[in-house]
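Listed in order, the protein sequences are those of chains A and B. Be aware that the first sequence starts at 5, since it is given in the working numbering, and climbs by one per residue. Be aware that the second sequence starts at 29, since it is given in the working numbering, and climbs by one per residue.
No lab work stands behind these hints: they were computed from the structure. Here a beta-carbon is modelled for each residue, glycine too, at the ideal position from N, C-alpha and C. Possibly wrong hints are sitting among the right ones.
[Said to hold, decoys possible] What the simulated footprint calls covered on chain B by chain A, stretch by stretch (three residues with Cβ under 8 Å from a Cβ of chain A suffice, anywhere in the stretch; the number is not a length):
#1 85-92
#2 182-192
[What the hints assert, rightly or not] Subject to a maximum C-alpha distance of 25 Å in a straight line, what follows is the list of computed SDA-like cross-link-like pairs (lysine to any residue):
#3 B:K53 x A:A26
#4 B:K358 x B:S249
#5 A:K9 x A:G36
#6 B:K315 x A:G48
#7 B:K315 x B:D298
#8 B:K315 x B:L338
#9 B:K53 x B:P65
#10 B:K315 x A:V55
#11 B:K53 x A:S28
#12 B:K358 x B:P85
#13 B:K53 x A:A20
#14 A:K9 x B:G131
#15 B:K315 x A:P46
#16 B:K315 x A:G49
#17 B:K315 x A:L56
#18 B:K315 x A:E53
#19 B:K315 x A:G54
#20 A:K9 x B:N128
#21 B:K53 x A:L33
#22 B:K53 x A:G54
#23 A:K9 x B:P85
#24 B:K53 x A:G34
#25 A:K9 x B:E92
#26 A:K9 x A:L70
#27 A:K9 x B:P125
[Said to hold, decoys possible] Label pairs and their computed distance ranges (CB to CB):
#28 B:D40 x A:G10: 49 to 57 Å
#29 B:A80 x A:G54: 49 to 57 Å
#30 A:F35 x B:A80: 24 to 32 Å
#31 B:G197 x A:G54: 21 to 29 Å
#32 A:H60 x B:P59: 46 to 54 Å
#33 B:P225 x A:L56: 55 to 63 Å
#34 A:A64 x B:D327: 32 to 40 Å
#35 A:G10 x B:P199: 51 to 59 Å
Spelled out, the chains give:
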Amino acid sequence: MELAKGGTPAGLIATATFQPLAVSELQALGFGGLPLIVIDHPLGGERPEGVLRRAHQAVAELAALLGLSR
Amino acid sequence: MTLHSEVLELPDSPEAVYQAFCERKWCDGLPIIPPTPERVEAMLRSVAGDPAESLGPLPPLWGEATLEKLAVNSVMAGCRPEYFPVVVSAVEAMLDPAFNLYGVQATTHPVAPLLLVHGPYARSIEMQSGAGCFGPGFQANATIGRAIRLILMNVGGGWPGRHDMATQGSPAKFSYAIAENEDRSPWAPLHVELGYPPDLSVVTVFGGEAPHNVNDHVSTSAPGILHTVSDTAATLGSNVKWYLSQSQLLLVLGPEHAATISSDGFSKDDVKAFVFEHARLPLGTLKLGGMWGIQDWPDWMMAVTDDRALLPIVASPQEILVVVAGGAGKHSAVVPNCTFSRAVHRPLTRLRA
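Next comes chain A alone, as it looks inside the complex (with noise of 0.2 Å):
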């Protein structure tokens, strides 16, 4: 928040579980159009294998939200 604040582009990645606060948390801050990227739950526990397919979710939006083509 800080970061876009100072008008460099930024994003929240979350699990889907966690959204409804941090939509929640983002609103109450007055930050409702930060970007939230937001990828399968859990995070914690999982394997490697799984770590990477969430990588592979969220680098897509990542890169769109920095302005940069993959």
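Starting from the known structure of chain A, arrange chain B on it as the hints suggest.
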């Protein structure tokens, strides 16, 4: 006195009020006392300050913790007006950044703020420090703890499953408040140990798990009892030890255990030193699960390779807090903290003369 809260017109029946508050998600599932303006004003008269004064925004939804909102929730919880200064000081303490209330509210861990009240005010409001103090039966304990929970839910927005993400929650989240049993303690109470005068009343907030029982019916010496305490404290499943930099342990010694320990000449510092030295797990056990691989250990611990090496669960003896509470019997309790929140202490400064 001017109040600013929305006024709700409801049928004059306990069932209707209870149902209306449940439907609006304004209560913890238990019946509430209707927060009428008269009751809220009576609560507010027990502390110094304007009803509109805010102690700060409460996470995770950052609602303003005005004295009026705190009073409304305290009425709902069943608090008597004389309990309200404790509630206010506890909220002030929870808003200290060291307590990390956002983490405490939103985590998946079953943490609840434990309120410990020290000094003469706890006795004046008959806050239970003796038999069964963590359990039911005591209005001050039950309603002060409940007021804190209602405030965290209604002002902070910490609703289970939505903004309070605790995997299973905890019975301690209904109410978690006791007084220190200073009359039965062989040592100075915690607030005096911290440098406050004995006649000052102080509240401690500790982001802890529910109490872990320490049953020792056979030990007749300090080392015996403290070995049992240490073994109870050192478990693979507790957060304490993984995030070592903020790990804290609260030892709530039953009076009989405390007397046995003290009769061996142990001071509080001796208790802390002993438990620091013995509440340890072997590296080989730590590798089995828990949070192995994501710990924040200092370099010296990360460099240990001998699986038999016994590693500490807190960074120093000073991270162990010792109080005495409870009644007759050979039980004590260990309360591990959540490891992303530190104990905070606040004097009761808003008492009206």
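Going through the hints against the structure:
1. Requiring three or more residues with a Cβ within less than 8 Å of a Cβ of chain A, the coverage given for the region 85-92 of chain B holds, as 3 such residues are present.
2. Counting residues of the region 182-192 of chain B whose CB falls under 8 Å from any CB of chain A gives 3; the rule of at least 3 is met.
3. A distance of roughly 20 Å separates the Cα atoms of K53 of chain B and A26 of chain A; the hinted pair therefore holds under the 25 Å criterion.
4. As the CA atoms of K358 of chain B and S249 of chain B are separated by approximately 13 Å, the hinted pair is consistent with the 25 Å bound.
5. Between K9 of chain A and G36 of chain A, the direct Cα distance comes to roughly 13 Å. Compliance with the 25 Å bound is thereby established for this hinted pair.
6. In summary, the hint linking K315 of chain B to G48 of chain A is supported, as the alpha carbons are separated by about 17 Å, within the 25 Å threshold.
7. The hinted pair formed by K315 of chain B and D298 of chain B fails the criterion: a straight-line CA distance of about 30 Å is larger than 25 Å.
8. Straight-line distance between C-alpha atoms of K315 of chain B and L338 of chain B comes to about 12 Å, which keeps the hinted pair within the 25 Å bound.
9. With a C-alpha separation of about 20 Å, the suggested pair K53 of chain B and P65 of chain B falls inside the 25 Å cut-off, and the hint holds.
10. Restraint check for K315 of chain B and V55 of chain A: the C-alpha separation of about 21 Å stays at or below 25 Å, so the hint holds.
11. Proximity of K53 of chain B to S28 of chain A is assessed by CA-CA distance (about 16 Å); at most 25 Å being required, the pair is judged to hold.
12. A C-alpha spacing of about 42 Å is found between K358 of chain B and P85 of chain B, which places the hinted pair above 25 Å, so the restraint is violated.
13. Between K53 of chain B and A20 of chain A the CA atoms are separated by roughly 23 Å; this keeps the pair inside 25 Å, and the hint holds.
14. With a C-alpha separation of about 23 Å, the suggested pair K9 of chain A and G131 of chain B falls inside the 25 Å cut-off, and the hint holds.
15. A threshold of 25 Å between alpha carbons decides the hint, and for K315 of chain B with P46 of chain A the separation of about 22 Å falls inside it, so the pair holds.
16. With a C-alpha separation of about 14 Å, the suggested pairing of K315 of chain B with G49 of chain A holds against the 25 Å cut-off.
17. Between K315 of chain B and L56 of chain A the alpha-carbon distance is near 23 Å, which keeps this suggested pair within the 25 Å criterion.
18. Between K315 of chain B and E53 of chain A the CA atoms are separated by roughly 21 Å; this keeps the pair inside 25 Å, and the hint holds.
19. Restraint check for K315 of chain B and G54 of chain A: the C-alpha separation of about 21 Å stays at or below 25 Å, so the hint holds.
20. Proximity of K9 of chain A to N128 of chain B is assessed by CA-CA distance (about 23 Å); at most 25 Å being required, the pair is judged to hold.
21. Between K53 of chain B and L33 of chain A the alpha-carbon distance is near 22 Å, which keeps this suggested pair within the 25 Å criterion.
22. With a C-alpha separation of about 37 Å, the suggested pair K53 of chain B and G54 of chain A falls outside the 25 Å cut-off, and the hint is violated.
23. For the hint pairing K9 of chain A with P85 of chain B, the CA-to-CA distance comes to about 20 Å; that is within 25 Å, so the pair holds.
24. At most 25 Å may separate the alpha-carbon atoms for a hinted pair to count; K53 of chain B and G34 of chain A meet this at roughly 24 Å.
25. Distance restraint check for K9 of chain A and E92 of chain B: the Cα-Cα separation of roughly 23 Å lies within the 25 Å cut-off, and the hinted pair is therefore satisfied.
26. Restraint check for K9 of chain A and L70 of chain A: satisfied, since their Cα atoms lie roughly 15 Å apart, inside the 25 Å limit.
27. For the suggested pair K9 of chain A and P125 of chain B, the alpha carbons sit about 22 Å apart, so the restraint of at most 25 Å is met.
28. Separation of D40 of chain B from G10 of chain A is about 55 Å and conforms to the stated range, judged on CB atoms against 49 to 57 Å.
29. In this structure, A80 of chain B and G54 of chain A meet the distance hint of 49 to 57 Å, their C-beta atoms being roughly 50 Å apart.
30. Under the hint 24 to 32 Å, the C-beta atoms of F35 of chain A and A80 of chain B, about 27 Å apart, fit the expected range.
31. Between G197 of chain B and G54 of chain A, the C-beta spacing of about 26 Å keeps the proposed range 21 to 29 Å intact.
32. Between H60 of chain A and P59 of chain B the Cβ separation comes to about 50 Å, which falls inside the hinted range of 46 to 54 Å.
33. For the pair P225 of chain B and L56 of chain A, the supplied restraint of 55 to 63 Å holds, since their beta-carbon distance comes to about 59 Å.
34. Judged by the Cβ atoms, the range 32 to 40 Å given for A64 of chain A and D327 of chain B holds: they are separated by roughly 38 Å.
35. In this structure the hint that G10 of chain A and P199 of chain B lie 51 to 59 Å apart at CB is violated, the actual value being about 44 Å.
Violation of the numbered hints given earlier is confined to hints 7, 12, 22 and 35; the remaining hints are satisfied by the structure.
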